[in-house]
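Student: The numbering of the sequence shown is this note's numbering, which starts it at 1 and goes up by one.
Calculated directly from the structure, the hints in this document are not laboratory data. Fair warning: there could be bad hints in the mix.
[As the list claims (entries may be wrong)] Estimated spans, in silico, between C-beta atoms of each pair: (1) P536 <-> L298: 31 to 39 angstroms; (2) R283 <-> D488: 53 to 61 angstroms; (3) K413 <-> F326: 12 to 20 angstroms; (4) L298 <-> R366: 33 to 41 angstroms; (5) L390 <-> E299: 16 to 24 angstroms; (6) L338 <-> A300: 23 to 31 angstroms; (7) D292 <-> G517: 53 to 61 angstroms; (8) A142 <-> A190: 28 to 36 angstroms; (9) E540 <-> A365: 23 to 31 angstroms.
[Stated by the list, open to error] With a cut-off of at most 20 angstroms between alpha-carbon atoms, the simulated SDA-like pairs for lysine to any residue come out as follows: (10) K448 <-> A507; (11) K140 <-> R130; (12) K413 <-> T457; (13) K448 <-> L405; (14) K448 <-> G528; (15) K448 <-> P479; (16) K413 <-> K448; (17) K448 <-> R510; (18) K140 <-> G118; (19) K140 <-> M156; (20) K140 <-> R208; (21) K140 <-> M83; (22) K140 <-> A230; (23) K140 <-> A77; (24) K140 <-> N87; (25) K140 <-> V150; (26) K413 <-> P479; (27) K140 <-> A84; (28) K413 <-> G528; (29) K413 <-> I374.
We treat Cβ as the ideally placed atom computed from N, Cα and C, and that holds for glycine.
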Amino acid sequence: MSAKRRWCWNSAPLPWAGSSRPRCRADRLAARLPPRPSRMTCRPSLRFRLWLGALLLAGLAVTAAGLAAWGLIRTQAHAIEAMAAQNRIEAYGALSARLNEWLLAWVGAPGMVTGMPGPDSRPVVQALDRLDRLLAEDVKAAPDPTEATVRARQSMTPARLRGLFNQLESTFRTTPPDTPAGQAALAFHAAQAPGAIARQIDHEMHRREAALVAMQSLRRPLLTGAALVALAAPLVLAALYLLVLGPLFRRLRQGTAFAATLSAADLPHGAGGHDELGLMFARLRQMAARIDRRRARLEAAIEERTAALSAANDRLALIDRNRRRFFADVGHELRTPLTVIMGEAELGEAHPDPEARAAFQTIGARAARLFRRIEDMLRIARSESGRLELAAERVDLGAAVRGALADLAPALKRAGVSAQVDLPPLAVRGDPDWLRQVFAGLFENAAKYAGRGAEVTVSGRADGRMALVRVADTGRGLPEGLGAAVLDRFTRDAQADQGGGFGVGLALARWVVETLGGSLVLAPSATGLALDLRLPLWEEE
1 MSAKRRWCWN
11 SAPLPWAGSS
21 RPRCRADRLA
31 ARLPPRPSRM
41 TCRPSLRFRL
51 WLGALLLAGL
61 AVTAAGLAAW
71 GLIRTQAHAI
81 EAMAAQNRIE
91 AYGALSARLN
101 EWLLAWVGAP
111 GMVTGMPGPD
121 SRPVVQALDR
131 LDRLLAEDVK
141 AAPDPTEATV
151 RARQSMTPAR
161 LRGLFNQLES
171 TFRTTPPDTP
181 AGQAALAFHA
191 AQAPGAIARQ
201 IDHEMHRREA
211 ALVAMQSLRR
221 PLLTGAALVA
231 LAAPLVLAAL
241 YLLVLGPLFR
251 RLRQGTAFAA
261 TLSAADLPHG
271 AGGHDELGLM
281 FARLRQMAAR
291 IDRRRARLEA
301 AIEERTAALS
311 AANDRLALID
321 RNRRRFFADV
331 GHELRTPLTV
341 IMGEAELGEA
351 HPDPEARAAF
361 QTIGARAARL
371 FRRIEDMLRI
381 ARSESGRLEL
391 AAERVDLGAA
401 VRGALADLAP
411 ALKRAGVSAQ
421 VDLPPLAVRG
431 DPDWLRQVFA
441 GLFENAAKYA
451 GRGAEVTVSG
461 RADGRMALVR
471 VADTGRGLPE
481 GLGAAVLDRF
491 TRDAQADQGG
501 GFGVGLALAR
511 WVVETLGGSL
521 VLAPSATGLA
531 LDLRLPLWEE
541 E
C-alpha cells in the first residue's frame, strides 16, 4: 500500500502506511468501543470547517464594504474636482464681467482730466483675489508633484491678468482713454486679457468634463463588483450549508434523538462522524452505556427497597391494628371501674354530712374528667388521622378558669401557692373541657415550679375579636437561656423537682389554644413567669 498523508483535527500530518495505530483522538476513543461496521477516515475538523466558512463570509463582507468605500471615495474625489472646476469657471467669468464694467466706466466718462480719480477698481481686485485663492486650493489638492507643477503653471494666468490690469489702470490715470496713448493701452489690453481668460475657461471646462466622465466610468466596475459579490454570497452560503451546516444539523438531530432516550443502542456507530462532534458522540455512547448499567443497578435496588418498604408497611399496619386494639381494651378496662366510682360518688353526694358530700362531689368531678380523657384517647385511637378533635362551643371563660382552679386548689395549697382571678365576663369559642384542662395545666405548672409563697394571677380583657388572658406568677421565673423553648414538648426545668411529669403540659396547652384559633406565648415579666393566651371571642351567628 502506497504511503498517504492523513490529517487529524488535533494532530500534525502524520505518515500513514497502513499501520493499525489509531490516527487521532477520535480513533483512539473509538478503539475502546465495539467494532464498527464501516471504516472511518479523518476529515478536517468541524472547527476548521466552521472557521473556513466564517472567513469566506467575512471576506465577502469585507470585499463588498471595500468596493463600496472605494467607489464612494473615488466618486467623491471626482465630484469635488468637477465642483472646483465649475467654481473657477465662474470666477473667471466674474473677473471678465468686472473688467468690462470697469472699462465701460472709464470709456463712458467724458471730459476726464489727467490726475483725476477714475472708477472704483476694487471689484476687479476682489475678483482677482478670489481667483488666486481658488487656484491655490487647486494646486494644494493635486494628487502628485507632477500634477501640482502643471496646475501651478496654470495659476500664473491670474498674475498676468493682474499685471495687465495694473498697467492699464496706471495708464488711464496719466493718460485719458480718449487720447492716442490711452487708445493704444486699451487695444493692448483687449488683445491680451480676453484671450487669456477664454483659454483658462476652456481649460477648466475640459477638466470639469473629464471629472464627470471619470465619475461616470466608475459605474461599470462598481456594478460588476456588486454583481460578483451578490452572486458569490449565496454560493458560499449554499456550499457552507451543504458541506458543513446540513451534515451538522443532521448529526445534531441524531444526537437529540439519542439524548431523548440516553440509550447506547439508539445511536449507531459512526453516526457522529470523525471530528469534534464524532468525539462527543463517542463519549455520549460511553456515558449512555454507563447510565444503562447504573440504571439496571438502580432498578434492582429500587425493587429490593420497594419489597422492604412493603414489608415495613405491613408491619406498621399490624402495629397500628394492635395499637387500636390495645387502646380499646385499655379504655374498656378503665371505663368499667370509673363508671362504678362515678356511681358510688353520685350515691355519696346524698350523704347528710356536708364535708362528706363535698368530698364525694370532688371525687365524682375528678372521675368524670378522667372518663372524658379516656373517651378522647379512644377517639384518637379510632380516628384515621390520629389527631384529637376539639369542639367549637360557647364557653364562659371565667367558669372554665374557676373550675380549673377548683380542681387544682389542693395541689396549690400543698405547694404554698395562692391564686387570684380577675376576669370580666367573657365568652369564647372553644372546647369547654379542654379549655378547663389548659388552665388546670397552667395552675399545676405554677404549683410545681413557682415555689412556696408565690401568687398566681389570672386577668383578662377583650382585645378586638379576641380575648386576651394573662396568667402570671411571682415565682422564680425561667432559668437563663430557656426562654420560649419552655413551650416545646419535653422541655423541663432542670432545677425543678425531678419526681414526675414529662414536660408536655405547656406544649399541650399551646397546641389546644392554637387548634382553637388562638395563641399562647411568653409575656415579658419582671418576676416569675407570665403567659398570654389569645382566644377567639364567641360571635352569635
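Student: All the hints need checking, so say for each whether the structure fits it.
Tutor: Consistency of the hints with the structure:
A hinted range of 31 to 39 angstroms for the beta carbons of P536 and L298 is inconsistent with their spacing of about 52 angstroms. For R283 and D488, the Cβ-Cβ distance of about 54 angstroms falls inside the hinted range of 53 to 61 angstroms, so the restraint holds. Distance hint for K413 and F326: a CB-CB separation of about 37 angstroms, inconsistent with the stated range 12 to 20 angstroms. Taking the beta carbon of each, L298 and R366 are about 60 angstroms apart, not inside 33 to 41 angstroms as hinted.
Between L390 and E299 the beta carbon distance is about 47 angstroms. The supplied range of 16 to 24 angstroms is therefore violated. At roughly 56 angstroms, the beta carbons of L338 and A300 sit outside the given window of 23 to 31 angstroms. Checked against the hint of 53 to 61 angstroms, the C-beta distance between D292 and G517 comes to roughly 56 angstroms, which is consistent with it. Look at A142 against A190: about 33 angstroms separates their beta carbons, and that is inside 28 to 36 angstroms.
In this structure the hint that E540 and A365 lie 23 to 31 angstroms apart at CB holds, the actual value being about 30 angstroms. The suggested pairing of K448 with A507 holds, with an alpha-carbon distance near 16 angstroms, which does not exceed 20 angstroms. Restraint check for K140 and R130: the C-alpha separation of about 15 angstroms stays at or below 20 angstroms, so the hint holds. Simply put, K413 and T457 have alpha-carbon atoms about 15 angstroms apart, close enough for the 20 angstroms limit, and the pair holds.
Simply put, K448 and L405 have alpha-carbon atoms about 15 angstroms apart, close enough for the 20 angstroms limit, and the pair holds. At roughly 13 angstroms between alpha-carbon atoms, K448 and G528 fall within 20 angstroms of each other, so this suggested pair holds. Using a Cα cut-off of 20 angstroms, the hinted pair K448 and P479 holds, with the two alpha carbons roughly 15 angstroms apart. With a C-alpha separation of about 11 angstroms, the suggested pair K413 and K448 falls inside the 20 angstroms cut-off, and the hint holds.
At most 20 angstroms may separate the alpha-carbon atoms for a hinted pair to count; K448 and R510 meet this at roughly 18 angstroms. A C-alpha spacing of about 37 angstroms is found between K140 and G118, which places the hinted pair above 20 angstroms, so the restraint is violated. Taking the CA atoms of K140 and M156, the gap is near 15 angstroms; set against the 20 angstroms cutoff, the hint holds. At roughly 18 angstroms between alpha-carbon atoms, K140 and R208 fall within 20 angstroms of each other, so this suggested pair holds.
A hinted pair counts as satisfied when its Cα atoms are at most 20 angstroms apart, and K140 with M83 qualifies at roughly 16 angstroms. About 39 angstroms separates the Cα atoms of K140 and A230, which puts this hinted pair outside 20 angstroms; it is violated. For the suggested pair K140 and A77, the alpha carbons sit about 14 angstroms apart, so the restraint of at most 20 angstroms is met. About 16 angstroms separates the Cα atoms of K140 and N87, which keeps this hinted pair within 20 angstroms; it holds.
Under the criterion of a C-alpha separation no larger than 20 angstroms, the hint pairing K140 with V150 is consistent with the structure, at around 12 angstroms. Taken as a hint, the K413 and P479 pair is broken in the structure, with Cα atoms around 24 angstroms apart against an allowance of 20 angstroms. Taking the CA atoms of K140 and A84, the gap is about 12 angstroms. The hint holds against a cut of 20 angstroms. This hinted pair checks out: K413 and G528 have alpha carbons roughly 19 angstroms apart, not beyond 20 angstroms.
As the CA atoms of K413 and I374 are separated by approximately 27 angstroms, the hinted pair breaks the 20 angstroms bound.
Comparing the model with each earlier hint shows violations of hints 1, 3, 4, 5, 6, 18, 22, 26, 29; every other hint is respected.
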